[in-house]
Amino acid sequence: MHIEIDEISKAFGSTAALQPVSLAIPSGALVALLGPSGSGKTTLLRILGGLEFPTSGRVLFDGQDATGLTVQERRAGFVFQSYALFRHMTVFDNIAYGLNARPRASRPTRAEIARRVTKLLELIQLPDIGARYPSQLSGGQRQRVALARALAIEPRMLLLDEPFGALDAKVRKELRQGLRDIHDTTGLTTVFVTHDQEEAMELADLVVVMSMGKIEQIGKPQDIRARPASPFVREFISA
Amino acid sequence: MGRPLIHRSPMPGLGLSMGITLTMLSLVVLLPIGALLLKGANYGLAGIWDTVNRERVWAALELSFRLSLFAALFNLVFGVLLAWVLVRYRFPGRRLLDAAVDLPFALPTAVAGISLTALYAPNGAFGALAAEIGWKIAYTQWGIFIALVFVGLPFVTRTVQPVIEEIEREVEEASATLGASRLYTLRHVILPMLTPAALTGFALALARAVGEYGSVIFIAGNIPLVTEIAPLLIIIQLEEFDYDAAAAIGIAMLLISFAMLLVINLIQVWSRRRIGYV
Amino acid sequence: MSDATRTEARPRFRPATQESPAARLTLIAVACVGLTILVFAPLVAVFIEALADGVGASLQSLASPDARDAIRLTLTIAAISVPLNAIFGVAAAWFITKFDFRGKAFLITLIDLPFSVSPVVAGLCIVLMFGTNSLIGGWLVANGFPVVFALPGIILATMFVTFPFVARELIPVMIEQGRAEEEVALTLGASGWRVFWTVTLPNIRWALLYGVLLCNARAMGEFGAVAVVSGKIRGETATIPTTIEMLYQEYLAVAAFSLAAVLTLLALVTLLLKTLLELRHADQLAATHRH
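These protein sequence lines are chains S, F and X, in that order.
Okay, so the first sequence: first residue is 5 according to the numbering used here, each after it adds one.
Okay, so the second sequence: first residue is 19 according to the numbering used here, each after it adds one.
Okay, so the third sequence: first residue is 15 according to the numbering used here, each after it adds one.
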């Protein structure tokens, strides 16, 4: 799905988290929102997901104004930094959650839900953990379960907030490739937030560098590296 | 031998603090309870059974337990609702409501007893209203129910409040992004998280209600077989100097409280093992 | 898409973690109405009934010998049992948090036991142990020291029902604070008592005050256990709560409710101080409060 951000701004009280920013994300792209903390990247992601409402501006999905759509209506697969898994549910029930929450008319049958969960567990390469509870998983496994849970609702896009933030360096490298593979198989427009320039450069098709609520530069990784648009970008990507 | 009974420690005051603790614990709590159990042992299981197995005693125990259960169930629902409102919503007077939840802990039971009776007696403010539709509250089981609701009110709210405070916002947001309505989120994500604490509060309220005396006897009417609670029966036996009978009923009640204490602990073990927190 | 959409009134956005305004309002209303009926109404009723014949009649009933004796006795009981329980609470918390020993969890369960025993059963236990026809009680009475139907029994009963208050407030606080500060003081050459007075006590003073406050409120208001052991002898062993019962059963409503109002004021002051402590010193009190 093609996403267009049109002059979006966001203020919390009197502090501006986002200056008016505009950005077009082509269908099927893997985009990184890169910046230090307080740059507004998470706010922008949450606006896309419908978790925050912009102070001004519009969000368009495939050309349709989606600004007023509720979280539930957006069908954005959202992966939280803390993963936010439901601790009282098994991995299976976590992944099936979005399907079970549908109104009866559009809810798949139990067998169909089971089939899809099994397929997703295979996709994240953890076929045998359905019966476990989140507290019995490693950090990397939790992240992949959160991803599978987001994918289960057949989302129109995938939004990830610091998906590798809570992991150690080795696991982080492995999972980066995992995300790339999942993106390539599903073909979903994917936006992820990170403060790690190496991660953004290595993984994304398109990198959006942000600072203090503004977009500093939008470009392919190699272009940003070759021609940083501002001293901030040069400084930040060489760190 | 494995672990020593007491590890050596550079901290001073071992003898003194242990001495005070064990002496006072024994004198004030353990020896008196021991005296009751000893009385029971002398009296014998058969003796206890003969005493308890009378219509009037069964009626009192059944009444105490049944109404305590209803009151605790009411408090379970209302207490969770109250905890949610107090933690999640900001409105004028919230602090006052929050402080008011503790009043049943602070107000002496005898005061609560006569005050509730004054309110719900046929000529009282609420009692008169109820009488208009032919509903008698004071001096019936309804009166006992209301008194037990009053004394058990704070337990569920106070155990659930800290759990609500600790729910991460992201978990609720995750549920919404997965398409769940707010009601679905409350029912399938939040309520299960509150269940262990709510059950603990429920069991505490139940235990308190079963043993409650002061706030109940004024409003109960105390008619044998109908509105006579078990603790009152103990006092009646004592006033008739029938110590054996009093002890028998006392032991029955003590066993009920121990059983509930056990249940509370099992709930906590279960929840810790299953979800990793209480 | 026309430019008009930009200036259109936006629908009110509701965060994903909130209920609809209507649902919120309903829940708040239920909470307010519920607490008004269940808690505020009985509270107000005490004062209305106490002042039914005017302030003069109410004050006069408080000046009667019965009321004065009851107030004096209740103050005496609290003055003895609360400090004793405070000493126990501090000693038990010190023993439990500063040393490692087997059976600690069991000891804590035993200390908590009185909360799960009916006050009437507590009174019964004391009567069975110290009553005239028990071994110890008989001997004590023969030597001129009656416990049951006398002050010592009432104090024991009061201590039984309030036993865990101070200890269970202090234990979590002292666990959280650890032993490091005391250990440092010891290495600097301070004596044990000096460590306690200058290091430990300042750290736990608000929690101690909190526990004492709740302990005192319960001690002055205890009814069931005291009713069993005191014999309710007018002018001798009748406390405020048992006097309230006697006056009420003699249909002296104003007198009964006037004494009740005194205890209610005590409860309100206790709650006020407790709330103040929670606001000012939340960090130095036990994280969660279960009673």
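The hints are simulated quantities; they were obtained by calculation from the structure and are not laboratory data.
Some hints here could point you the wrong way.
Stated by the list, open to error - Label-pair restraints from in silico Cβ distances: (1) X:43 to S:77: 21 to 31 Å; (2) S:86 to F:153: 37 to 47 Å; (3) S:230 to X:295: 56 to 66 Å; (4) F:154 to X:190: 46 to 56 Å; (5) S:142 to F:283: 24 to 34 Å; (6) S:86 to X:189: 47 to 57 Å.
We put the CB at the ideal spot given by N, CA and C, even for glycine.
Evaluation of the provided hints:
no.	hint	result
1	X:43 to S:77: 21 to 31 Å	holds (30 Å)
2	S:86 to F:153: 37 to 47 Å	violated (52 Å)
3	S:230 to X:295: 56 to 66 Å	holds (59 Å)
4	F:154 to X:190: 46 to 56 Å	holds (51 Å)
5	S:142 to F:283: 24 to 34 Å	holds (31 Å)
6	S:86 to X:189: 47 to 57 Å	violated (27 Å)
Hints 2, 6 from the earlier list are contradicted by this structure; the remaining hints agree with it.
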